[in-house]
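Q: As a plain string of letters, each chain reads:
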Amino acid sequence: MGFDTVLQILIQGLNMGLIYALAALGISLIWNATGLFNFAQGDLLTMGGFVMLSMFAKWALPYPLAFVLTVVVMGLLGYLLSQGFFYPMFSQGLHPDIIIIGTIALIVLVQNGILLLWGPHPQRFSTPLGDHPVHLGQIIVMPYYLWNIAIVVVLVIVLQMFFKKSMIGIAMRAVAQRPVAAALMGVRTNQLVALTFLLATGLAAVAGILIAPIIPLTPEMGSIVALKAFAAVLIGGLGSFAGALIGGIVIGVAEVVFATLVVPTYKDVFIFLILIAFLLFRPRGIFSSEISEKV
Amino acid sequence: MKQHKCLLLLSLCVLVAALMLIGCKQSQPKSIKIVHLAPLTGAASSYGVHLVGGAKMAVDEINSKGGVKLPDGTQLKIEYVEVDETSNSAGAIEGARKAISLDPLVILGPNRSGGVLAAEKLWKDAKIPAITDATNAQTTRQGNPYTFRMQISSEYWIPLLVKTAAETYHIKKPAVIYGLNDYSKANWVATEPAMQKYGLKPVTVQTFNDNDQDFSAQLLAIKKSGADSIFLYAYTPEVGKITRQRSELGMKNIPVFSERAASDPAALNLAGPENFDGMVTSTTLSPGDPNPKIQEFIKQYTAKYGVPSASHLCHYDSVYIVADIVSRVGLDREKIRQELSKLDYQGVQGHYTADKEGNLIHFMNTQVWKNGQWVLLETENYPVAR
Numbered sequence: 001m002g003f004d005t006v007l008q009i010l011i012q013g014l015n016m017g018l019i020y021a022l023a024a025l026g027i028s029l030i031w032n033a034t035g036l037f038n039f040a041q042g043d044l045l046t047m048g049g050f051v052m053l054s055m056f057a058k059w060a061l062p063y064p065l066a067f068v069l070t071v072v073v074m075g076l077l078g079y080l081l082s083q084g085f086f087y088p089m090f091s092q093g094l095h096p097d098i099i100i101i102g103t104i105a106l107i108v109l110v111q112n113g114i115l116l117l118w119g120p121h122p123q124r125f126s127t128p129l130g131d132h133p134v135h136l137g138q139i140i141v142m143p144y145y146l147w148n149i150a151i152v153v154v155l156v157i158v159l160q161m162f163f164k165k166s167m168i169g170i171a172m173r174a175v176a177q178r179p180v181a182a183a184l185m186g187v188r189t190n191q192l193v194a195l196t197f198l199l200a201t202g203l204a205a206v207a208g209i210l211i212a213p214i215i216p217l218t219p220e221m222g223s224i225v226a227l228k229a230f231a232a233v234l235i236g237g238l239g240s241f242a243g244a245l246i247g248g249i250v251i252g253v254a255e256v257v258f259a260t261l262v263v264p265t266y267k268d269v270f271i272f273l274i275l276i277a278f279l280l281f282r283p284r285g286i287f288s289s290e291i292s293e294k295v
Numbered sequence: 001m002k003q004h005k006c007l008l009l010l011s012l013c014v015l016v017a018a019l020m021l022i023g024c025k026q027s028q029p030k031s032i033k034i035v036h037l038a039p040l041t042g043a044a045s046s047y048g049v050h051l052v053g054g055a056k057m058a059v060d061e062i063n064s065k066g067g068v069k070l071p072d073g074t075q076l077k078i079e080y081v082e083v084d085e086t087s088n089s090a091g092a093i094e095g096a097r098k099a100i101s102l103d104p105l106v107i108l109g110p111n112r113s114g115g116v117l118a119a120e121k122l123w124k125d126a127k128i129p130a131i132t133d134a135t136n137a138q139t140t141r142q143g144n145p146y147t148f149r150m151q152i153s154s155e156y157w158i159p160l161l162v163k164t165a166a167e168t169y170h171i172k173k174p175a176v177i178y179g180l181n182d183y184s185k186a187n188w189v190a191t192e193p194a195m196q197k198y199g200l201k202p203v204t205v206q207t208f209n210d211n212d213q214d215f216s217a218q219l220l221a222i223k224k225s226g227a228d229s230i231f232l233y234a235y236t237p238e239v240g241k242i243t244r245q246r247s248e249l250g251m252k253n254i255p256v257f258s259e260r261a262a263s264d265p266a267a268l269n270l271a272g273p274e275n276f277d278g279m280v281t282s283t284t285l286s287p288g289d290p291n292p293k294i295q296e297f298i299k300q301y302t303a304k305y306g307v308p309s310a311s312h313l314c315h316y317d318s319v320y321i322v323a324d325i326v327s328r329v330g331l332d333r334e335k336i337r338q339e340l341s342k343l344d345y346q347g348v349q350g351h352y353t354a355d356k357e358g359n360l361i362h363f364m365n366t367q368v369w370k371n372g373q374w375v376l377l378e379t380e381n382y383p384v385a386r
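Taken in order, these protein sequences are the chains called A and B.
Throughout the first sequence, residue numbering follows my numbering, covering 1 to 295 in sequence.
Throughout the second sequence, residue numbering follows my numbering, covering 1 to 386 in sequence.
Quick caveat, the hints were computed from the structure, so don't treat them as lab data.
No incorrect hints appear here.
Using 20 Å as the maximum straight-line C-alpha spacing, the simulated SDA-like pairs for lysine to any residue come out as follows: (1) B:K252 / A:G137; (2) B:K223 / A:M1; (3) B:K224 / A:D4; (4) B:K224 / A:H135; (5) B:K252 / A:I140; (6) B:K252 / A:V134; (7) B:K223 / A:G2; (8) B:K252 / A:G130; (9) B:K224 / A:V6; (10) B:K223 / A:V257; (11) B:K252 / A:D4; (12) B:K223 / A:P133; (13) B:K69 / B:V329; (14) B:K223 / A:H132; (15) B:K252 / A:I139; (16) A:K164 / A:R188; (17) B:K223 / A:L136; (18) B:K223 / A:L261; (19) B:K224 / A:M1; (20) A:K58 / B:Y305; (21) A:K58 / B:P273; (22) B:K224 / A:I139; (23) B:K224 / A:V263; (24) B:K223 / A:D4; (25) B:K33 / B:D125; (26) B:K223 / A:V134; (27) B:K224 / A:P133; (28) B:K223 / A:G137; (29) B:K223 / A:L7; (30) A:K58 / B:P265; (31) B:K224 / A:I140.
Can you build the whole structure from these sequences, using the hints too?
A: Put into structure tokens, the structure is as follows:
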């Protein structure tokens, strides 16, 4: 196998890895702010893609305007979800496992909502960057790969800084770790939950917009991507945005390499074997967030 | 006490008589019920739209003329009911159970080979004829006299495709990529013997799972093999994705040969028109067929439902076939089944003749997508084994 082929495989793996990383970032954000997994994050990502499809491909809005409007619309949806769905569960002190089951119910609602609004057929849209591959010697790169890399790197840096340096980000982490203590310290828990979900669905929208030109939009698309995104979060390290990025890339590259060198049919089995290995031997993941506990 | 007993007895008699009357009324059907098992959700949903559209168009036409005249002179309209088979075998079983519970005269569908194989025992036990449209050859070889096929098996889809590839396109080094499902596997099974007739052998054979999103490993292997053609057997979403991704990996000049899934407009939309030019497919109905009847039918369907997936309009003629049979033999399911088993009917899309396995179609075309439309390449008719 020539060097060019190896490089091409790595580029394809990186492309898929960024897709998983985008979905994983939203999952990590909600984990950081609430201590919970939102299993519907993949489906919110899909909805973001469909909203962009309507705005950009069907209503012919300019791409930047459609991008911003999609993020705003999805952010508002996240706000409504937080007030009508998540915060009532938090405020009643429901067990986290019950809230997680609630997010599974949300999957069904979101998928059927997509089915109702956009129909069952696979759809896609092109970006203004076009669909013509760029040849760099023997290597072929799609123009939106570089755009996706840039966006993901910026998102990781911004999110890391937000949660580590900003007052609101620190307050969100406090609510996730000790909601009662945070409330006693004057942190407005309901507002932070609302902000968390607003940000998370906005992030899902960005992910959906970037993924849609690569993977056709179908009502079930998000669930397929989310499963590997969860694996990326766990491999990369719970609570770490850099971990979500690295975890996504590890899965994307491992998937393509295994499919090329061994057999494509069992690549999913291979990925989840890697996950199991991490859970057994390094459960904190590659970059784990240290949460100190005073005893 | 005696009076109470008499009253009770009288009430019981009235009740029984009323129930018998209701029973009698219910036994006189008010419509010719056809239940259509179609993939309305899931990966095959883009076919479902056309399968249902074609059938509905026929139902609307027949009902607008007053319905079907039975042998006893009664005129009944067709009651058409769609049931979602959800594009997977488990959904097909549940869909078939629901369809049977609606007590139809005839079932149309399921569409997917896996669904037919999974659910065929249900309509066999219920003794309801089912006019399916899956292409796996085994679907009509289960010893089920109630299964009919308004399609032609993959044993015919592929030989003509290979013939076109070898004789018209002069391919020498074919690669094959197929999905791991009953439909695509059956196409692969039919490919090797078809290729052997032309002295061809695949330079590489690649597989993928349904719902896979990335095919770069398989496509890079095909590129490395030096293939001059790709035989692609998959459902529409994967046809679109693979056709597109082959261009993204610098293989746009390698022609793709596929089958009915590729004639779905959704495949073109997903692949992108610039990547779809030159796609060759086998198909039962071709929009490129110059036959005026077919052109008129395509025009009417397009006006009503939009651009069709021509390979999925077979149930337009299914509905007319059922209407014709019912007008001759009435509403007896067993008689309808017997008539289907000796069918000889000229429809809009072609001439239908039942063979001993219950297959009703014995013709095939190949077509190529050129300059924004399908162009007919070849047509073949096959002998009917009665």
